[in-house]
Amino acid sequence: MNRIISPKNAQKIMQTVFWASGIITILILLIIIGYILVKGLPVVNLEFLLSDPINNGAEGGIAPMIVSTIWVTLVAVCIAAPLGVGAAVYIIEYTKENNLVKLIRFGSETLASVPSIVFGLFGLAFFIVFLGMGFSLFSGGVVLAFMALPTILQVSEVSIEAVPRSYAEGSLALGASKWQTVSNVILPAAIPGITTGIILGMARAMSEAAAILFVVGAALEMPYSIFDAGRPLPLHLYTLATQGTSLTNSYGTAAVLVIIILIITIVTNTVVENYSRKMMGR
Amino acid sequence: MNYRIEVEDLNVYFDEAHILKDVNINIEKNMVTSLIGPSGCGKSTFIRTLNRMNDLIETFKMSGNVLLDGESIYDPKVDVVDLRKKVGMVFQKPNPFPKSIFDNVAYGLKIHGENEKFIEQRVEDSLKEAALWDEVKDKLDKSAMGLSGGQQQRLCIARTIAVEPEVILMDEPCSALDPISTTKIEDLIHKLKKDFTIVIVTHNMQQATRVSKYTAFFLHGEIVESGLTDKLFIEPEDKRTEDYITGRFG
Numbered sequence: 614m615n616r617i618i619s620p621k622n623a624q625k626i627m628q629t630v631f632w633a634s635g636i637i638t639i640l641i642l643l644i645i646i647g648y649i650l651v652k653g654l655p656v657v658n659l660e661f662l663l664s665d666p667i668n669n670g671a672e673g674g675i676a677p678m679i680v681s682t683i684w685v686t687l688v689a690v691c692i693a694a695p696l697g698v699g700a701a702v703y704i705i706e707y708t709k710e711n712n713l714v715k716l717i718r719f720g721s722e723t724l725a726s727v728p729s730i731v732f733g734l735f736g737l738a739f740f741i742v743f744l745g746m747g748f749s750l751f752s753g754g755v756v757l758a759f760m761a762l763p764t765i766l767q768v769s770e771v772s773i774e775a776v777p778r779s780y781a782e783g784s785l786a787l788g789a790s791k792w793q794t795v796s797n798v799i800l801p802a803a804i805p806g807i808t809t810g811i812i813l814g815m816a817r818a819m820s821e822a823a824a825i826l827f828v829v830g831a832a833l834e835m836p837y838s839i840f841d842a843g844r845p846l847p848l849h850l851y852t853l854a855t856q857g858t859s860l861t862n863s864y865g866t867a868a869v870l871v872i873i874i875l876i877i878t879i880v881t882n883t884v885v886e887n888y889s890r891k892m893m894g895r
Numbered sequence: 006m007n008y009r010i011e012v013e014d015l016n017v018y019f020d021e022a023h024i025l026k027d028v029n030i031n032i033e034k035n036m037v038t039s040l041i042g043p044s045g046c047g048k049s050t051f052i053r054t055l056n057r058m059n060d061l062i063e064t065f066k067m068s069g070n071v072l073l074d075g076e077s078i079y080d081p082k083v084d085v086v087d088l089r090k091k092v093g094m095v096f097q098k099p100n101p102f103p104k105s106i107f108d109n110v111a112y113g114l115k116i117h118g119e120n121e122k123f124i125e126q127r128v129e130d131s132l133k134e135a136a137l138w139d140e141v142k143d144k145l146d147k148s149a150m151g152l153s154g155g156q157q158q159r160l161c162i163a164r165t166i167a168v169e170p171e172v173i174l175m176d177e178p179c180s181a182l183d184p185i186s187t188t189k190i191e192d193l194i195h196k197l198k199k200d201f202t203i204v205i206v207t208h209n210m211q212q213a214t215r216v217s218k219y220t221a222f223f224l225h226g227e228i229v230e231s232g233l234t235d236k237l238f239i240e241p242e243d244k245r246t247e248d249y250i251t252g253r254f255g
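Those sequence lines, one after another, are chains X and A. Under the working numbering, the first residue of the first sequence carries the number 614, and numbering increases by one thereafter. Under the working numbering, the first residue of the second sequence carries the number 6, and numbering increases by one thereafter.
Same shape as in the complex, but just chain X (with noise of 0.2 Å):
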């Protein structure tokens, strides 16, 4: 035997550089979310949160940007989560795998790596310059819920996927029609899965300030409805900081806005856990 490493140390190596990659995408993350805390939570107290802006946003706070936030994710949620889980469950449960199926895929996926600038772009050009509707939350939202639908998509469809057929032929022996199965037994028993990625479609939508630059027109003040113009929590810490406005408050709406979404993954992850306990009477 001259083998330069043995399979005893070729597998302690090995452990430890999967260890590794492990624990530094850990730290990656801690590092960011850490920095963005400890540069932007000094600014961040109750009236920074309820209060508008003064001076483009260099002094005063974030309301009305919390406010755009929720709305576009509102818009593009409502829209996105049901032609996301409609087409997974056409997919899986309605027809087979034929050129349809793969023209859905390839379209989502392709849809998945086109880059947010350019859904910018097209929000412009179709909302904006070919409908002519002003600058509105409700035209960002829209552009936001085709940058979603992807992820919607495709883990509703492994989520649906992985419901066991027995629990479909359970139904269907019991003389319940298709969409009776679908609607009582597949999607209750994917809900866990689908929520999951509901969530992180909304997360991205949440977080994108390229997609949606040349369509909600970027206002400060308090948006009083969808169609009006507004300015997203990502929108508002990219202009502060490239327009040198003010990088302290910049890095106070990026917490915010880290803030948010570690609440509602939390929040989400919990209620999932529980309902999948429940379901499976652990």
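These are calculated hints, taken from the structure and not from any lab test. All C-beta atoms in this analysis are idealised placements derived from N, C-alpha and C, irrespective of residue type, glycine included. Don't take each hint at face value.
Stated by the list, open to error - Partial list, computed: chain X residues near chain A (C-beta under 8 Å):
(1) K621
(2) S779
(3) L785
(4) L787
(5) S790
(6) V798
As the list claims (entries may be wrong) - Facing chain A, a subset of chain X residues (Cβ under 7 Å, in silico):
(7) Y780
(8) G788
(9) A789
Guided by the hints, dock chain A onto chain X, whose structure is given.
Coordinates of chain A only, in the frame set by chain X:
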């Protein structure tokens, strides 16, 4: 005529594969009929033609006829949903839904639009009939996934009888269960034949002799021999049946 199911010259193909060949058999009302035979002999495919579960397979083709109470179940006018209400099925691996015990039994009733009061009573009756009530009556709202395999299978039987079918098909219902659970299911089968016609696929020849009045022996997609269980096991007419039941193959 005392037959619940009559099968005439049934041939089944999946793509080019000829799975069932000229199967003819009559299944008597309120009796248990066992289908035995080695793996791959077509007995599971056969039982799935009786509630049209094979329709779910794209490559499925058939000829011949299956009559339920004298009416063809493959007639284009037949609604598969109605058929499956009349012909229930219990599967090899217990497959309760990831829902509460109550909701599992109530499921078939709910989708058929029964009212709540009726459902509540039916759930209790069905669980009692399936000899599961005493074990679960205090945890009806708990997930069925937390039950043991044997309890899950009795729950699946309760779920099936809740919609009051005429026929219950059982596809190796005990093959995933321990001997004690198996005994409970067999006792249950004895009890259920008063109200239901039961067709059971089994790998276990002792089980066939214990539970069924009639037995059919399948081999390579054909029925080699069928008739009274006692006769088939004691003095089989066909050499192949004898070889199989004496354990020479299979």
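Results of checking the hints against the structure:
This hint is violated: X/K621 has a C-beta 41 Å from the nearest C-beta of chain A, more than the 8 Å allowed. For X/S779, the interface hint holds, since its Cβ comes within 8 Å of a Cβ in chain A; the closest pair sits about 4 Å apart. Interface hint at X/L785: satisfied, since its Cβ lies 7 Å from the closest Cβ of chain A, which is below the 8 Å cut-off. Nearest Cβ of chain A to the Cβ of X/L787: about 4 Å, under the 8 Å cut. The hint holds.
This hint holds: X/S790 has a C-beta 6 Å from the nearest C-beta of chain A, less than the 8 Å allowed. Interface hint at X/V798: satisfied, since its Cβ lies 5 Å from the closest Cβ of chain A, which is below the 8 Å cut-off. At its closest, the beta carbon of X/Y780 sits 6 Å from a beta carbon of chain A; the interface hint therefore holds under the 7 Å criterion. At a threshold of 7 Å, the smallest CB-CB gap from X/G788 to chain A is about 4 Å, leaving the interface hint in force.
Taking 7 Å as the C-beta cut-off, the interface hint given for X/A789 holds, the closest approach to chain A being about 5 Å.
Taken one by one, the earlier hints fail for this structure only at number 1.
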